[in-house]
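What follows is the residue order along each chain.
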Amino acid sequence: MESMLHITTLHYLVLGAALFLLGVIGVLTRRNVVIVLMSIELILNAVNLNLVAFSRIWGPVNGQVFAIFIITDAAAEAAVGLGILIAFFRNKETVNIDEVNLLKW
Amino acid sequence: MAPVATPFFFYLFAAIMLIGGILVITQKNAVHSALALIVLLLAQASIYLMLYAPFVAGAQIILYAGGIMVLFLFVIMLVSIERSMKERQFNSQWLVGIVAATALGGLFIAVYLKGKNIFPDHVLPVVENDNTQKVATLLYGQYMFAFEIASLLLLVAIIGAVVMAKKRI
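The listed protein sequences correspond, in order, to chains A and H.
Position 72, counted from 1, in the first sequence is what my numbering calls 72; the numbers after and before it change by one each time, with no gaps.
In my numbering, each residue carries its 1-based index in the second sequence increased by 105.
Check before you lean on any hint, since a few could be wrong.
BS3-like mimics (lysine-lysine), calculated; alpha carbons at most 30 Å apart, straight line [to be verified]:
hint, chain 1, residue 1, chain 2, residue 2
1, A, LYS104, H, LYS191
2, H, LYS271, A, LYS104
3, A, LYS104, H, LYS272
4, H, LYS272, A, LYS92
5, A, LYS104, A, LYS92
6, H, LYS271, H, LYS191
7, H, LYS133, A, LYS104
8, A, LYS92, H, LYS271
9, H, LYS191, H, LYS133
10, H, LYS272, H, LYS191
11, A, LYS92, H, LYS191
12, H, LYS133, H, LYS271
13, H, LYS133, A, LYS92
Covered stretches of chain A (in silico footprint by chain H; criterion: 3 or more residues with CB under 8 Å from a CB of chain H, positions within the stretch not fixed) [unchecked claim]:
hint, segment
14, 34 to 42
15, 50 to 56
16, 60 to 73
These are calculated hints, taken from the structure and not from any lab test.
None of the values given here were measured: they were computed from a predicted structure.
Backbone N, C-alpha and C define an ideal beta-carbon position, used for all residues, glycine too.
Same shape as in the complex, but just chain A (with noise of 0.2 Å):
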């Protein structure tokens, strides 16, 4: 019990990697197209947060640097991803995933 109340790094890797695995099982098995791109911005988060995590142990501040590049990647991949979205929605009037099979044979 000791080893839990001291917060290692361990705690936040494994805190990153149980996000991370909420947002692959939300990508996996949810129809609406809103809450799949919603679950890809958790797994983005997860990401972060191991990468903040593991620049906190050594001195220099990289980690960081490329935690905020995710977020802007993240950003614009938000963006365009809706984007696409209203440009289908506009079309077939569902947001389902499951009616994205135009392409299928």
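Following the hints, complete the assembly by docking chain H onto the known chain A.
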């Protein structure tokens, strides 16, 4: 300044993040999922503060919780959610997804059990007076090229989002 009550705050914010994550992936209403994700992002900013990263915490609150999630809420309001709330929520291959996620979880557990003694045990507290200066020195010095590429990426994303959402090109 010495850290106080670190385990209590860590477990509190970790519990908020995990409950928020479970709410994101299981809620029927997309607005509820977005609000749970906002709570998760704010708790994550607090964890960043515990990790002596105040600049990343500020960037997370301003950009992620205040920018990206507001964009998500706009789009959720635009697409109709009443009809999608009455349909099936989980797709037809949910069992395979759960099996794959369980395999990934087993892999994580195996890796973290095997390598749990790699990291140094006690880490000295870091002063955060000059964290922003250190981040800026790296961002505009060593990672200047990546910084310019990121601004170009944002320009491309703006143009792409506008073109994708226009009624007539």
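Hints, verified against the model:
A hinted pair counts as satisfied when its Cα atoms are at most 30 Å apart, and LYS104/A with LYS191/H qualifies at roughly 26 Å. Distance restraint check for LYS271/H and LYS104/A: the Cα-Cα separation of roughly 26 Å lies within the 30 Å cut-off, and the hinted pair is therefore satisfied. A distance of roughly 26 Å separates the Cα atoms of LYS104/A and LYS272/H; the hinted pair therefore holds under the 30 Å criterion. Of the pairs offered as hints, the one joining LYS272/H and LYS92/A holds, with about 14 Å between alpha carbons and a cut-off of 30 Å not exceeded.
The hinted pair formed by LYS104/A and LYS92/A meets the criterion: a straight-line CA distance of about 16 Å does not exceed 30 Å. The straight-line distance between the Cα atoms of LYS271/H and LYS191/H is roughly 29 Å, inside the 30 Å bound, and the hint therefore holds. Between LYS133/H and LYS104/A the CA atoms are separated by roughly 27 Å; this keeps the pair inside 30 Å, and the hint holds. For the hint pairing LYS92/A with LYS271/H, the CA-to-CA distance comes to about 16 Å; that is within 30 Å, so the pair holds.
Distance check on the hinted pair: LYS191/H and LYS133/H sit about 9 Å apart at the alpha-carbon level, within 30 Å; holds. Using a Cα cut-off of 30 Å, the hinted pair LYS272/H and LYS191/H holds, with the two alpha carbons roughly 28 Å apart. For the proposed pair LYS92/A and LYS191/H, the alpha carbon gap of about 17 Å is at most 30 Å, so the pair holds. For the hint pairing LYS133/H with LYS271/H, the CA-to-CA distance comes to about 29 Å; that is within 30 Å, so the pair holds.
A distance of roughly 21 Å separates the Cα atoms of LYS133/H and LYS92/A; the hinted pair therefore holds under the 30 Å criterion. Remark: the segment 34 to 42 of chain A is confirmed as covered by chain H, as 7 of its residues place a Cβ nearer than 8 Å to a Cβ of that chain, reaching the required three. Beta-carbon proximity to chain H at under 8 Å applies to 4 residues in the segment 50 to 56 of chain A; the threshold of 3 is reached and the given coverage holds. Counting residues of the segment 60 to 73 of chain A whose CB falls under 8 Å from any CB of chain H gives 11; the rule of at least 3 is met.
Violated hints are absent here; each numbered hint is respected by the structure.
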